Amino acid sequence: MKIQKRRPTALAALLLTATFAFAGCGSDDGGDGGSADGGSGGGDLSITMLPKNLGNAYFDTSTDGAERAADELSAEFEEVGPDTASPDAQVSYINTVAQQGKDALILSANDPDALCDAIDEARSADVKVVTFDADTNPDCRDLFINQATAEGIAAKQLELISEQIGGEGEIAILSASANATNQNAWIEMMETELADNPDYAGIELVDTVYGDDEDQKSFDQTEALLQNHPDLKGIISPTTVGIAAAARYLSDSEYKGKVALTGLGTPNQMREYVDNGTVTAFALWNPGDLGYLATYAAAALVNGDISGEEGDSFDAGDLGSFEVGADGVVLLGEPFTFDKDNIADFDF
Amino acid sequence: MSRTDIEREPETEVSTGEALLVEPSRLSPTRRAVTTVLRSRELSIFLVLVAVVVLATTKNNGFLFSSDGWRNFLLNPSILLLLAVGQAVVIITRNVDLSVGSTMALTAYLTGRLFVDQPNLPIIVVILACLALGAVLGLVNGVLVAYGNVPALVITLGTLYVYRGIMLTWAGSDRINAGDMPRDFLSLGTQTVLGVPVLTIVALVVLALVGYYLHTARGGRELYAIGSDPDAAVLYGLPVRRRLLAAFVLSGALAGLAGVLYTARYGTVSSSVGSGIELQAVAAAVIGGIAIFGGSGTVWGAAIGAFLLVTINRALPSLGIEDFWQRAVVGVLILGAIVLDRVLARRQARKLAESRDHA
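Protein chains in written order, with this note's numbering: chain A, 33 to 380; chain B, 121 to 479.
Hints are computed from structural coordinates only; laboratory data are not their basis. For clarity, every value in this text was computed on a predicted model and none was experimentally measured. Don't be surprised by glycine CBs; every beta carbon is placed ideally from N, CA and C. Take these hints with a grain of salt, some might be off.
As the list claims (entries may be wrong) - Taking lysine to any residue and the SDA-like style, the derived pairs with C-alpha atoms no more than 25 angstroms apart in a straight line are:
#1 A:290 to B:444
#2 A:265 to B:300
#3 A:265 to B:316
#4 A:288 to B:302
#5 A:372 to A:224
#6 A:265 to B:302
#7 A:288 to B:307
#8 A:288 to B:444
#9 A:249 to B:256
#10 B:179 to B:316
#11 A:290 to B:194
#12 B:179 to A:285
#13 A:265 to A:363
#14 A:249 to B:274
Said to hold, decoys possible - Chain B residues, not near chain A, derived (Cβ > 10 angstroms throughout):
#15 318
#16 387
#17 393
Stated by the list, open to error - What follows is a set of in silico ranges between Cβ atoms, one per label pair, in the way DEER data are often shown:
#18 A:103 to B:446: 37 to 45 angstroms
#19 A:286 to B:460: 56 to 64 angstroms
#20 B:289 to A:131: 50 to 58 angstroms
#21 A:263 to B:311: 22 to 30 angstroms
#22 B:304 to A:309: 34 to 42 angstroms
#23 B:245 to A:224: 48 to 56 angstroms
#24 A:118 to B:302: 33 to 41 angstroms
#25 A:309 to B:316: 22 to 30 angstroms
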């Protein structure tokens with residue numbers, strides 16, 4: 033699961049790739065193709081959800097959230113999707129949605145450009161299009177539900193590590209590859225924050241190593257970090273592969289419980305290490321909330337409560353009220369923290 | 121050189137080295153053994169290994185003298201060691217097995233899958249299943265090479281991709297996580313007996329068995345004969361195909377075992393497991409003194425080569441050498457080993473020719 037740069041500039045694209053990687057949805061998942069019917073209400077509102085692919089635990093979680101929202105809105109809800117996460121596979125589903133005359137389409141785009149023609153066609157048939165998790169070009173959709181900003185991710189990780197090491201001591205970063213765009217952006221923000229924020233004055237970043245998002249290399253790099261920095265208090269690994277490998281190393285080394293570990297991880301990968309006390313807390317967004325918010329946003333568009341302009345605000349059930357930002361982006365919030373108390377509630 | 125060491129009075133004075141080369145039985149068994157060891161490629165590689173360890177330990181005590189350091193020193197090379205032993209046997213027959221990384225990936229995933237689907241399966245059954253799968257995949261290579269008369273480089277390059285393709289289709293984006301596997305199995309990955317990790321013991325036992333077989337058994341010697349001159353081996357009536365099949369099956373089975381060990385050690389299996397490790401296995405064998413054209417070298421050397429490769433990778437960060445240079449160091453080692461190999465082979469040929477002229 034490599035994190036790669038897909039488009040050079042925009043922050044949206046940055047996050048798109050982040051999610052692409054974290055969701056682990058880059059490749060064939062062997063799930064069933066075709067349609068998987070969700071629950072349906074009898075209301076006027078009809079919503080179709082199109083994840084990158086089916087049979088992917090991450091998207092199963094987001095669909096559960098969307099379904100919950102659809103129930104609350106008594107909307108008719110359906111999930112469709114290809115069994116592989118390739119752009120052309122999504123086109124036929126988008127066309128079908130347009131022909132069926134659905135009110136809204138919620139999708140996670142497999143490609144920022146390739147889907148635009150199909151989406152344009154759907155929108156001209158009065159289908160509102162909301163992207164979540166992975167965006168298309170801002171011109172071709174109505175809204176994008178952004179899971180987290182780079183600033184939010186950087187700040188959250190520092191907050192967690194600072195809490196876990198008592199605000200003082202040496203820390204190191206175990207990243208993906210040396211040229212991973214997302215990770216480098218986060219690391220840079222963390223470095224700035226460490227230097228500028230007086231709360232972190234006692235924390236020193238002593239090393240940044242690269243595990244290339246390979247289990248074995250990340251594992252070995254963790255070992256090297258611990259060996260070379262005997263006073264190390266904590267490790268931040270802003271990549272799901274890295275944090276799992278580091279946790280595995282720590283869990284049966286002499287440093288277990290002495291060196292804190294946090295970063296971005298998925299609950300299924302980290303469950304074992306949270307249960308055995310190696311890891312106290314780590315972060316990621318909650319895909320369930322993401323699907324939930326996307327559904328409320330789609331409903332608000334269809335009902336005419338918002339038009340997708342900057343500054344529009346709408347209500348999203350349990351999550352409260354949200355405002356549309358620049359480029360039609362709605363931010364879910366700061367990353368979600370997983371710990372011993374809540375990790376059992378998640379399966380992705 | 122004292123005369124008492126030589127049992128038979130030589131007609132002319134020859135050096136111990138030459139005697140060893142031309143007529144080893146001239147020397148007393150002890151002298152022969154000592155000279156063999158002193159002049160072996162294995163010893164020089166071993167000394168390099170010792171130097172690396174000493175250097176890293178002086179820089180950082182914990183490299184060897186901490187409980188983690190000692191364990192990792194023994195534990196980390198054990199997976200590569202198994203692959204290198206299998207690879208060495210194949211290379212000795214003048215072939216190569218590039219598919220071991222993909223084979224290891226398939227068996228690593230099989231290990232995880234079995235534990236997920238049948239949580240109560242005894243660990244030994246899982247190990248046997250993986251050995252069997254590895255052996256079958258190795259057999260495919262062996263059959264294609266032995267009966268297809270296509271170079272092993274091409275065949276195993278093909279199966280490298282085929283096996284990896286099967287892995288990608290089977291595993292997809294699915295990952296096996298540590299939480300999916302029984303604790304007993306995972307603790308195998310780090311357990312030690314008298315300070316030696318279990319995985320290392322497994323690897324060393326395999327090494328000893330294969331090494332002993334190659335050194336003493338008829339089948340083992342025939343592998344060397346095949347590698348020295350395949351055509352002559354056929355003409356001489358050696359069961360070349362059968363031996364090749366056996367070599368590839370062994371390599372596959374050891375890769376299968378390595379897959380189990382990998383899962384026990386790392387606790388996470390994704391579809392990219394073991395990509396590129398086949399080249400490390402070849403590198404370990406070559407650095408350890410196995411001639412890439414077959415017919416010479418020992419699995420002991422390959423094992424030390426594996427230890428050296430892994431230990432260097434562990435030591436270089438401790439010595440403050442950048443990640444990027446670590447690969448270069450490995451490259452230099454391989455080139456050095458090959459150059460040394462050629463130089464030694466030439467010198468040996470010259471000496472043999474001289475002794476022949478002499479006689």
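Hint-by-hint comparison with the structure:
Taken as a hint, the residue 290 (chain A) and residue 444 (chain B) pair is broken in the structure, with Cα atoms around 30 angstroms apart against an allowance of 25 angstroms. Between residue 265 (chain A) and residue 300 (chain B) the CA atoms are separated by roughly 29 angstroms; this puts the pair beyond 25 angstroms, and the hint is violated. Restraint check for residue 265 (chain A) and residue 316 (chain B): not satisfied, since their Cα atoms lie roughly 28 angstroms apart, outside the 25 angstroms limit. Restraint check for residue 288 (chain A) and residue 302 (chain B): the C-alpha separation of about 20 angstroms stays at or below 25 angstroms, so the hint holds.
For a cut-off of 25 angstroms, the pair hint linking residue 372 (chain A) to residue 224 (chain A) is broken: about 30 angstroms separates their Cα positions. Restraint check for residue 265 (chain A) and residue 302 (chain B): the C-alpha separation of about 30 angstroms exceeds 25 angstroms, so the hint is violated. Annotation: proposed proximity of residue 288 (chain A) to residue 307 (chain B) holds, straight-line Cα distance about 15 angstroms (limit 25 angstroms). The hinted pair formed by residue 288 (chain A) and residue 444 (chain B) fails the criterion: a straight-line CA distance of about 29 angstroms is larger than 25 angstroms.
With a C-alpha separation of about 29 angstroms, the suggested pair residue 249 (chain A) and residue 256 (chain B) falls outside the 25 angstroms cut-off, and the hint is violated. A C-alpha spacing of about 24 angstroms is found between residue 179 (chain B) and residue 316 (chain B), which places the hinted pair at or below 25 angstroms, so the restraint holds. Of the supplied pair hints, the one linking residue 290 (chain A) and residue 194 (chain B) holds, its CA atoms being roughly 24 angstroms apart against a limit of 25 angstroms. Restraint check for residue 179 (chain B) and residue 285 (chain A): the C-alpha separation of about 21 angstroms stays at or below 25 angstroms, so the hint holds.
Simply put, residue 265 (chain A) and residue 363 (chain A) have alpha-carbon atoms about 33 angstroms apart, too far for the 25 angstroms limit, and the pair is violated. Distance check on the hinted pair: residue 249 (chain A) and residue 274 (chain B) sit about 28 angstroms apart at the alpha-carbon level, beyond 25 angstroms; violated. No beta-carbon of chain A is positioned within 10 angstroms of the beta-carbon of residue 318 (chain B); the least distance is around 13 angstroms. The beta carbon of residue 387 (chain B) sits about 5 angstroms from the closest Cβ of chain A, which is not more than 10 angstroms, so the claim that it is off the interface is violated.
At roughly 7 angstroms, the least C-beta separation between residue 393 (chain B) and chain A is not larger than 10 angstroms, which violates its mark as non-interface. About 55 angstroms separates the C-beta atoms of residue 103 (chain A) and residue 446 (chain B), a value inconsistent with the hinted range of 37 to 45 angstroms. A hinted range of 56 to 64 angstroms is violated for the C-beta pair residue 286 (chain A) and residue 460 (chain B), which are about 39 angstroms apart. Range check, residue 289 (chain B) to residue 131 (chain A): about 32 angstroms between beta-carbon atoms, so the 50 to 58 angstroms window is missed.
Hint check: residue 263 (chain A) to residue 311 (chain B), Cβ distance near 29 angstroms, so the stated range 22 to 30 angstroms holds. A hinted range of 34 to 42 angstroms for the beta carbons of residue 304 (chain B) and residue 309 (chain A) is inconsistent with their spacing of about 19 angstroms. Between residue 245 (chain B) and residue 224 (chain A) the beta carbons are some 54 angstroms apart, a value that agrees with the proposed interval 48 to 56 angstroms. Separation of residue 118 (chain A) from residue 302 (chain B) is about 36 angstroms and conforms to the stated range, judged on CB atoms against 33 to 41 angstroms.
About 27 angstroms separates the C-beta atoms of residue 309 (chain A) and residue 316 (chain B), a value consistent with the hinted range of 22 to 30 angstroms.
Checked against the numbered hints listed earlier, the structure breaks hints 1, 2, 3, 5, 6, 8, 9, 13, 14, 16, 17, 18, 19, 20, 22; every other hint is satisfied.
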